[in-house]
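Chemist: Okay, here's what each chain looks like letter by letter:
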Amino acid sequence: MDRVPVLKIGDILLVSIQIDMEDQVALQLQEDLAEKIVATGCHGVIIDISALDIVDSFVGRTLATIASVSKVLDADTVVVGMRPAVAITLVELGLSLPGIRTALNVELGMELLAKARAELDWEAGDSGDDEDEPAVTAP
Amino acid sequence: MTTRDGVAAAERIEVTSDQDVVRVRQLVRATAVAVKLSLVDQTKVVTAASELARNTLVYGGGGSVEVLRVENGRRAGVKIVFADQGPGIPDLDLALTDGYTTGGGLGLGLSGARRLVDEFEIDTEAGRGTTISVTKWCR
Amino acid sequence: MVKSGAAARDLREAQPGGRYGEAAKMLSSQEGNSFADLLATHAEAVISAWTDEVAHSLRGRLSHAELQRQVTELQKGFQSALFGGALDLADDAAAELRAQLSELSSLRARQGFSANETAVSVFTLKDAILRVVNTDDAGSLRDYVSFSTFIDRAALFTFDSYVRVREELIADQAEQLLELSTPVVKLWEGVVAVPLVGTLDSARAQVVMERLLQSLVDTGSPYAIIDITGVPAVDTQVAQHILKTVVAARLMGADCIISGIRPQIAQTIVALGIEFGDIATKASLADALRYVLKLTGTTKRQER
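Protein chains in written order, with numbering that gives the first Met the number 0: chain A, 0 to 138; chain B, 0 to 138; chain C, 0 to 303.
Everything labelled a hint here was simulated from the structure, so no lab data went into it.
Below, computed lysine-lysine pairings styled on DSSO-like, alpha-carbon distance capped at 30 Å:
1. C:Lys-243 / A:Lys-114
2. C:Lys-185 / A:Lys-114
3. C:Lys-281 / C:Lys-243
4. C:Lys-281 / A:Lys-114
5. A:Lys-7 / A:Lys-70
6. A:Lys-35 / A:Lys-70
7. C:Lys-281 / C:Lys-185
8. C:Lys-185 / C:Lys-293
9. A:Lys-114 / C:Lys-293
10. C:Lys-75 / C:Lys-125
11. A:Lys-114 / A:Lys-70
12. C:Lys-281 / C:Lys-293
13. A:Lys-7 / A:Lys-114
14. C:Lys-243 / C:Lys-185
15. A:Lys-114 / A:Lys-35
16. A:Lys-70 / C:Lys-243
17. C:Lys-243 / B:Lys-35
18. A:Lys-35 / A:Lys-7
Keep in mind that this is a model prediction, so the values were computed, not measured.
Pulled out of the complex, with its shape left as it was, chain A reads as follows (with noise of 0.2 Å):
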């Protein structure tokens, strides 16, 4: 059986979805994340899409289920690269991923997790960093 790279970059562990999951690979992955995420003590998730054709619902609900366990496990999940035909079939087909956290790309979704680290931080009251980077800069 295939089975899904879980990379540890910083304090980020990422994920690139490059075949066509079987069920079975998916919830494989489930695991692993959630092991690999206690073993480093990461406080971010990613998950790259970019090269999935197709997600389903079985593929919905297992990130789903990914993101909440990584909740509990005082982790972030950004899912990234969501190609224009997978959104618009998922619209029509009614899963909206609620709870899932999205971006374009890794490096937007990195810094997703660094605004939501950030935030967490703030709200601890143990920084008083209020500059990090925008999404958006102006040119």
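Put chains B and C on the given structure of chain A with help from the hints.
Modeler: Positioned in the frame of chain A, the structure of chains B and C alone reads:
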């Protein structure tokens, strides 16, 4: 109406495992590309096929999927027939309602798949199995 | 020898798209030969008479020299098809002739001639031939009827090709119009805008939606402004399409703002009971841009 459509080619896959669902997706995609469906329509029909093939496996206890290239006058299309000898669907209206599920899914498989295709026919009887045929036409 | 009655029935069976194969041949080989001989013997006279007839039907919109060239080509086409043993327009020997006729139709269609004028360019060959046929001889007349059938078929074929070319032209133009009317512009770093102009039908809304979403990916812009200042009316269907675009963009990780909602449209939206939910709406494109810049700049800590 569908009986008058000309069938240009047909292929059949027995669905008994996760891998077979992946094979159904790949065959439907190849066929959708061959009849020149737009990218969004390809994505829609492959997603619908994925949902319904999984239903055949999970609820029907396995069955067969036939993928056909069809023609109706000037239009070409993809027709997919999912057949199983499972328990059937006792309450069709309920099963076609968004969010209704008996299998622990999101309850979008049947109702969502119906929105992704142009024609949707379902023939089911409690205890005798279910046959669903869907067609997506080129615009 | 094919009776003219049978030939007339063949004609009625002529299908658009040209399924001529199953019908009986229109000419016997003897008729084919005499037709070819006739065209060859009287080539000059036929071409000249034919050119005149066509010129008359087109009322001087193509130069005489141009017409003469076309007609000469066609005459050669008919002649070589018949000498090659073509007894029917569907025969292999007539392939060259069919290609010529298609080309003529395509040319006429693009030049803006009507279907009638295009088909008449072929039909007039009959008048030209009538001038060189010995009308006192019963045998020649009978042959002439068969020739006519062949020419009729050729003209119908031309008509069909013309219609096909016109359909292609219309489809091309519709597509070009679609492209023209749905530009996606980059407004700022990370912000794209689609100014929608004109009526949005389902097909166009779909194109707009796909193009907008693709441009989000291509430019890596997390914000999109959909400006509907130029949309005359918003009905439930159009609103649905806009809503779906916004939801799809969100799934991809981008936010949409709708701007340019005119007072009547706001009234309609409320009257129709359309829920725009938590989608940001602004009166003008400038307001929308200001809003986006504010979101990403100074007030990024505040929740929207």
